[in-house]
Amino acid sequence: DAKTTQPPSMDCAEGRAANLPCNHSTISGNEYVYWYRQIHSQGPQYIIHGLKNNETNEMASLIITEDRKSSTLILPHATLRDTAVYYCIVRGVTTDSWGKLQFGAGTQVVVTP
Amino acid sequence: DAGVTQSPTHLIKTRGQQVTLRCSPKSGHDTVSWYQQALGQGPQFIFQYYEEEERQRGNFPDRFSGHQFPNYSSELNVNALLLGDSALYLCASSKPPGRTGDTQYFGPGTRLTVL
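Taken in order, these protein sequences are the chains called Z and V. The opening residue of the first sequence carries number 8 in the working numbering; numbering runs sequentially from there. The opening residue of the second sequence carries number 57 in the working numbering; numbering runs sequentially from there.
Just so you know, nobody snuck in bad clues.
In silico DSBU-like pairs for lysine-lysine, Cα to Cα no more than 35 angstroms straight-line:
1) Z:10 <-> Z:59
2) V:151 <-> Z:76
3) V:151 <-> Z:10
Going by beta-carbon spacing under 10 angstroms, a handful of chain Z positions derived as facing chain V:
4) 43
5) 45
6) 48
7) 49
8) 52
9) 92
It is worth saying that the hints were derived from the structure and are not from the lab. Only a predicted model underlies this, so the values are computations on that prediction, with no experimental measurement involved. Using N, Cα and C, we set each Cβ at its ideal position, and we do this for glycine too.
Given these sequences and hints, build the entire structure.
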């Protein structure tokens, strides 16, 4: 079972920031938070990941709470091309998990003009 | 720099047949993972290959098998196809878990339809 909880859907106006929440209350110390998105019928696209510090790249920012039990993915200026299902994934690197990704249902984000 | 490639793009088979799907990893990657995505659901992990060995397996029957070649490319084989095997099959490549560059990057997928 996925170790994360995300809202099933959310809408965002084009040009505004999109803030996508994720709860991962059972995360352990060596597990990373990863975000991917999937545009209809395409392969998932990597967005960003982090362990405990906030991270930013050209696509998005990732804010992880101090207790690491939740995080928020921020798309600073949403465009219509950001409409997709967004997946928040907790990933371990121990030999028993060997880096497999456990996808949940994700959040369907719809960006409207 | 080529990304992850998969072939074929689409495939139609009938129940009981066997199918082979292929994946070439992103340049510099040596680890390949396979996922199955049924319609309306998130991808489910099938197995992962590194150094030509299966390193981890998800909850899939033995009808699903794989192989990794010395050039790091990989195949997914499914025997005795069932209607429920209809799905998008995704390949992801990376460096081994725990190493720098172990983020998984996905290919476009192979859409398998079983009639």
